[in-house]
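J.: These are the residues of each chain, in order.
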Amino acid sequence: MGDMTRVTIDFDTSHLIFPTLIAIILGLLGLAIVLRDHARLAEAGVHWHRTWQHMDKPRFLGVLGLTLLYFTMMVPVGEIWPNTGMGFLLCSIPYVMAAGLLFMHARAPRQVLPLLIVALVGPTFVWWLFTYPLFLTLP
Amino acid sequence: MFEFISPLFVSLVLGGTLVGIIFGAIPGMTATMAVAVCLPLTYSLGLENGLALLLGLYVGGISGGLVPAILLGIPGTPSSITTTFDGYPMAQRGEGEKALRIGIVASLVGGLISLLVLDLFAPTLADFAIKFSYVEKFLIILFALTVMAALSSDMLLGIFSGVLGIFISLIGTYDISDGGNGELRLVPPGTEYWLESGFSLLPVLIGLFGLAAILEQAEIGVPRGHSASEVKVGKHSRFSFGVFRGQGVNLVRSSLIGTFIGILPGVGGSAASIISYTNAKTFSKTPERFGKGEPGGIIASESGNNGLTGGALVPLLSLGIPGDSTTALLIGAFTLQGVQVGPLFIGNNPGTWDAMIFAMLIANIAMFAMMYFAIRYFAMVVTIPKHILFPVILMMCVIGAYTINYGIMFDVWTLLIFGVLGWLFTKLRLEVAPFIIGFILGPSAEIYFVKSLESFGDVTIFFTKSWIAVVLWLLIVGSVAGAVLMSKKKQRIAEEPV
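Quick note, the sequences are listed as chains P and L, same order. The numbering of the first sequence is the UniProt record's numbering, which starts it at 1 and goes up by one. The numbering of the second sequence is the UniProt record's numbering, which starts it at 1 and goes up by one.
Keep in mind the hints are simulated off the structure, nothing from the lab. Incorrect hints may appear among the rest.
Some but not every residue of chain P turned toward chain L, in silico, with C-beta under 7 angstroms [as the list claims (entries may be wrong)]:
#1 16
#2 19
#3 56
#4 60
#5 71
#6 73
#7 115
#8 132
A virtual CB, placed ideally from N, CA and C, is assigned to each residue, including glycine.
From just these sequences and the hints, can you work out the full model?
T.: Set out below in structure tokens:
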């Protein structure tokens, strides 16, 4: 018994011990879930189909697409004026505006105007706050 | 002793409480999101001032949830779910203002009782925990994870979520500064440059609690805001403290239940309010009135969820284990300032400890004063259009993720990855709270586990090291057994013919 419980840790491979153990536990738990919920898992296709059907696709996919574009553009735009945070500022203004328009239900000028003001003032204030008082360089 | 008190400190608590109430009062936005979004602002504030802001946000955020719960029947935060049961019927019969004030007073009492427990209990627990070796520390984490999983809506999925969090936290280098060998693991080829240090905690948190919440709202089409005409505070029945007559036991019991639930790791405010409400109904002489506008229901729910605030800080400050998802974010504030929370924290940082207690006290009083006297204005917060708020929050999430490690763009992508993952979690019925606690505690669990084996060379050490280890194992087994029994009972009830 004493020998069976004894463990020697090899320093060179010590980084793998805990992740391996956790991976095994995770696998076993995954297997237990599959065994218990096999009926529900078999109907996963229906569940996802229903989710897709009920989803507000323009808003959900739109905000994901806009966010992807926003993140992708921030660095290249910022590199045009390095260390000024312009990438953040010039990308955030259209992003806030576009996301706001996307989330809006009625786009009358009276409702768009406050959004336009927030889209201009919000990113500019944040850019100023982080660039000057806080001295943190934005992209 | 109170060197930390300055006009800035007090202003930050007051400002944090105000913003927290606003976040809490807007359905779909939570105290956790408020803390996540404002975390980067603490960067240059210093630890005490930063915590002043975040604790104000925490107390305000939990309390603000009662506004839409009562006026619209929609819980502003998950912890206000049971407030809707009696608050909304009261509002419908023209007693909105009275219901709101009952909730505000109950929130104050719940917050203050939990603060007292925090002040008395956390240092004692920390003093005790100082004696723990790696073995006991590992078992404490194991206990935290089992309790959290046991109290999840689905134990198996709860455990899976927690273990998944640990697994993802292990991605990257086994850090030499923690006694590791500096080797990479679990890093896909080609991503070594970005994942050398794994995923940063704060972008993960901001993604899971900020972006994911907005994606959920986008999925359902970002519901229209409520018009001012829908918000009826009501004038038919004035509030008086007489309504609390005969509710003393309910108030104290619910506050203590909330505090106790808060001490349990990873169990959120919704559990605190539900258990408090259920108890209040069970012990009431008039249980039939609950759900129809009974003030006792609001008192139980709101004192219970605010009782959570101090309780959740007990395991964080004495053991380094967050009590709920919002206190998990507070770890981020400590990390930003290079301070580690754990058993040594209170003893080594008495000034910060005093500052936290003082900030919580001011936050609770400020929450009461602001909401009690200006409730009609806060009621209007629910009309703020989400199409303006959400894009600004998204931008703040980006700022938070980017600045957290002095400007690393990969952290912004981490935010997106975990935002989408957080949304997927809700679809797959996985639980975010166990995941995040697993993610936070994973690296410590690894160190304690491996170092225990390196030191003692025998796996039996986890059972034989000390009487504390034995007690912890009994607690672990007890929590799992309790959860299994509860789950079977639930299943039996569900299968019983109606």
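J.: Against this structure, judge whether each hint is valid.
T.: Status of the hints after comparison with the structure:
1. 16: It holds, given that the least Cβ distance between residue 16 (chain P) and chain L is near 6 angstroms, below 7 angstroms.
2. 19: holds, 5 angstroms
3. 56: With Cβ-Cβ at 4 angstroms, under 7 angstroms, it holds.
4. 60: holds, 5 angstroms
5. 71: With a minimum Cβ separation of about 6 angstroms from chain L (threshold 7 angstroms), the hint on residue 71 (chain P) holds.
6. 73: At 12 angstroms from the nearest chain L Cβ, residue 73 (chain P) fails the 7 angstroms test, so the hint is violated.
7. 115: Holds, about 6 angstroms.
8. 132: Hint on residue 132 (chain P): violated, closest Cβ of chain L at ~11 angstroms, above 7 angstroms.
Of the hints listed earlier, those the structure fails to meet are numbers 6, 8, in rising order.
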